[in-house]
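Colleague: Protein sequences, first through last, are from chains F and Z. To convert, note that position 70 of the first sequence is 70 in our numbering; the numbers rise steadily by one, no gaps. To convert, note that position 348 of the second sequence is 511 in our numbering; the numbers rise steadily by one, no gaps.
Worth flagging that the hints you see were computed from the coordinates, not collected in a lab. Be aware that a few hints might be false.
List time: in silico DSS-like cross-link candidates among lysine-lysine, alpha-carbon distance up to 27 Å [as the list claims (entries may be wrong)]: (1) Z:Lys343 / Z:Lys326; (2) F:Lys6 / Z:Lys374; (3) F:Lys10 / Z:Lys542; (4) Z:Lys509 / F:Lys157; (5) Z:Lys374 / F:Lys3; (6) Z:Lys509 / F:Lys151; (7) Z:Lys506 / F:Lys157; (8) Z:Lys215 / F:Lys157; (9) Z:Lys239 / Z:Lys350; (10) F:Lys151 / Z:Lys542; (11) F:Lys78 / F:Lys58; (12) F:Lys157 / Z:Lys542; (13) Z:Lys239 / Z:Lys343; (14) Z:Lys374 / Z:Lys350; (15) F:Lys78 / F:Lys94; (16) Z:Lys350 / Z:Lys173; (17) Z:Lys374 / F:Lys10; (18) Z:Lys343 / Z:Lys374.
Non-contacting residues of chain Z with respect to chain F, defined by C-beta distances greater than 10 Å in every case (computed) [unchecked claim]: (19) Thr222; (20) Lys251; (21) Lys348; (22) Asp357; (23) Thr496; (24) Ala511; (25) Lys550.
Idealized CB from N, CA, C, for every residue including glycine.
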Amino acid sequence: MEKLNKDIIKIISEDCRYSTSKIAVMLGENEETISTAIEQMENDGIIVKYAAIIDEEKISTGSVQALIEVKVAPQKNKGFDSIADEIYELPEVKTLYLMSGGFDLAVFVEGKTLRDVARFVSERLSTLDSVLSTATHFILKKYKIEGAVTKSEDSSKRLAVHP
Amino acid sequence: MKNFISDTAKEIKPSGIRKFFDVVSEIPGAISLGVGEPDFITPWGIRDAAIKSIQKGNTQYTSNRGITPLRENISKYLNDHFNLSYDKDEILITVGASEGIDVTLRAICNLGDEILVPEPSYVSYAPCIQLAGGVPVPVCCTVENGFRLTPEMIELAVTKKSKAIILPYPNNPTGAIMEKEYLDKIKPIIEKYDLLVISDEIYAELTYGSKHVSIASYEGFRDRCVLISGFSKAFAMTGWRIGYVAAPPELSQAMLKIHQYVIMCAPTASQYAANYALSDGFNDNFAVIDDMRTEYDRRRRFMVSALNEAGLSCYEPKGSFYVFPSVKSTGLTGDEFANQLLKEEKLAVVPGSAFGDCGLYHIRCSYAYSMNNLTEAVKRIGRFVKKIK
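My request is simple: use the sequences and hints to build the entire structure.
Modeller: See below:
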C-alpha cells in the first residue's frame, strides 16, 4: 500500500491532471485501486491541494512577493504552534514554515504593491506579541519553482531522429 | 576522372532513419518520437568524474584495451548482474557498442561468410557485415512470435557458409526480449550448426517484468559468444561513446589487434566517467538505473495502452525503450504513415522498414521522452488515425 501511494504521489506531483485510468495504466493496477488510494490520501490529508505552478512574471499581475524571516518567542507549552496559527490566518500569507537556524518562521507573503507588503509587516506581523524581529526579502525573480524551471529551455539538445 | 568510391561503399544503403531525419529538421514545430537515446542527462557524479580526470591531467592515450580499473569493474558488474565470468583481459573497451559491433565482425568475417541477422533490428548490423566482407542474411521475426527468434527460423536461414548469428535482444526497434525459455529453444540449433553468437546486450538493463538473461551465461556458450554492451543506454551516456566487448581470449586478441590500429583507445575521459558510473553503482546498487527503469516502465505501459486505444495494434514490448505498433489497419505502409503523420500532424516517428523489410507495416516510437511529450504525441497519432481510417 505504501509503495502504491508513493508511486501515485510521484506521478501526480509531476502532473496532477492524469486521470485515474491513466495512472492505473502506468502502474499496472486497476482503476478502482488507484481512485480508492487517492481518495484515502485526500481524506488523510496526505494530498493537501491540487494546483498549477504559475510563472507570474509572464502574466504581469504586478503583485509583489516577499520572504519574511521572523524571530518569535515560543510560548510555554505551545512552542511555536500557537503563534504560527495566528500568522497563517492572515490572508496575505501564502506559505509558512518553521525553520531551524538563524530565525524561526519563514513567512511567504504576497501583496499588490511594495507598500502593501511593507504595511503588512509593520502593522500586522510586527505587532503580534510574540514576534521579536522581522527581516523582509523581496523576491525578484523565480528561476525554478517546485522543480520546474521557468525559463523556456532551448529545444532539446537531442537530434530529432536517431538510431 | 575515375569513380573513386569503392563498390562496397556504393552498395551499402543509406540509413532509413537518417533519410527521415533530414526531412524532420526542415519542419518547424515538429515534435519527435524518433530518438534512440535516453532523455535523461548523464548523472552528475559521472560527469564530474570526467571533469576531474581532465583536471588531473589524464589526457593521454590509455592502453589499447582500456584502463584496468574500468575493465575490472565491468568484469565484476557482468558477474553480479548477469552471472557472467569474464576476466579483465577478455574485455575490450570500445568507442561505443557501435565499434564493438564493427570490430567483432571484422575479426570474424572471411569474404562471403554469412551472418544471420534477425530483423527488425538496429540499422548498422548489415552495413558493418558488408564492410567486413561478409554477407548479411536477414531472418524475419514477426509479431506472432513476439519478434523473438525461433529454432525453425534459424534452420531455414542457415547454409554451409553461415558463420555467426547476431542476437539483438532486448531489441531495438521492437522492444522484444528473449527470455530464458526461448534461449533454451535456440541453443541446440546454434550448437548444431556451430555458429558464433554475437549478443548485442546494450539494452540489458532495460527490461520490464523479468531480468535479462545473457546467452553467454549458458554452460559452454561462453566460448562461442561475443558479448557487446556499453554505457549509453543504462547510464544515459550516448555522447560519451563508450562501450565494451567481452569475448574468449583468442577472439578478444584478434579484436584488440584491429582496435589498436584503427582506434588506438577509447576516449580517456569517457573511460574514467564510465569507471565512476560502475564504482558508484556498486555503492548504491545502481539506484540510478532503477529509477530510470521505473520511469521508462510507466511510459511504456502508457504508450502501449494509448496506441492500442488510438487504433494501432501494439505488441507489448518487454525491453529497451521503443514500441513498434503495426499500422496495417490503416491500409498504409509504415513509410506512408510516417510521412503523412509528419506532414499533417508534425509528429516524427521512424518507419519500421528502416529496420528491415519485415518492419514494412510498422512504425517505431521511442518513449525516451517526457510524459507531456508522449501525451501530446499520442493525441496527434489518434487524431491522424481517425482521419484516415
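Colleague: State for each hint whether it applies.
Modeller: For each hint, the structure was consulted:
1. Z:Lys343 / Z:Lys326: holds, 23 Å
2. F:Lys6 / Z:Lys374: With a Cα-Cα distance of about 23 Å, the restraint between Lys6 of chain F and Lys374 of chain Z holds, given a limit of 27 Å.
3. F:Lys10 / Z:Lys542: holds, 23 Å
4. Z:Lys509 / F:Lys157: Roughly 19 Å separates the two Cα atoms, so the pair holds.
5. Z:Lys374 / F:Lys3: holds, 21 Å
6. Z:Lys509 / F:Lys151: With Cα atoms ~24 Å apart, Lys509 of chain Z and Lys151 of chain F stay inside 27 Å; holds.
7. Z:Lys506 / F:Lys157: With Cα atoms ~23 Å apart, Lys506 of chain Z and Lys157 of chain F stay inside 27 Å; holds.
8. Z:Lys215 / F:Lys157: Holds - the C-alpha atoms of Lys157 of chain F and Lys215 of chain Z are around 24 Å apart, at most 27 Å.
9. Z:Lys239 / Z:Lys350: Since the Cα atoms of Lys239 of chain Z and Lys350 of chain Z sit roughly 26 Å apart, the hinted pair holds (cutoff 27 Å).
10. F:Lys151 / Z:Lys542: Distance of about 26 Å is within 27 Å: holds.
11. F:Lys78 / F:Lys58: violated, 42 Å
12. F:Lys157 / Z:Lys542: holds, 24 Å
13. Z:Lys239 / Z:Lys343: holds, 22 Å
14. Z:Lys374 / Z:Lys350: The hint holds at about 19 Å.
15. F:Lys78 / F:Lys94: Given pair Lys78 of chain F, Lys94 of chain F holds - Cα atoms ~23 Å apart, limit 27 Å.
16. Z:Lys350 / Z:Lys173: violated, 36 Å
17. Z:Lys374 / F:Lys10: holds, 24 Å
18. Z:Lys343 / Z:Lys374: holds, 10 Å
19. Thr222: holds, 25 Å
20. Lys251: Non-interface label stands for Lys251 of chain Z: nearest chain F Cβ at 30 Å, farther than 10 Å.
21. Lys348: Correct as stated: the minimum Cβ-Cβ distance to chain F is 28 Å, above 10 Å.
22. Asp357: Non-interface label on Asp357 of chain Z holds, nearest chain F Cβ at 31 Å vs cutoff 10 Å.
23. Thr496: holds, 18 Å
24. Ala511: violated, 6 Å
25. Lys550: holds, 23 Å
This entry does not satisfy hints 11, 16 and 24, going by the numbered hints stated previously.
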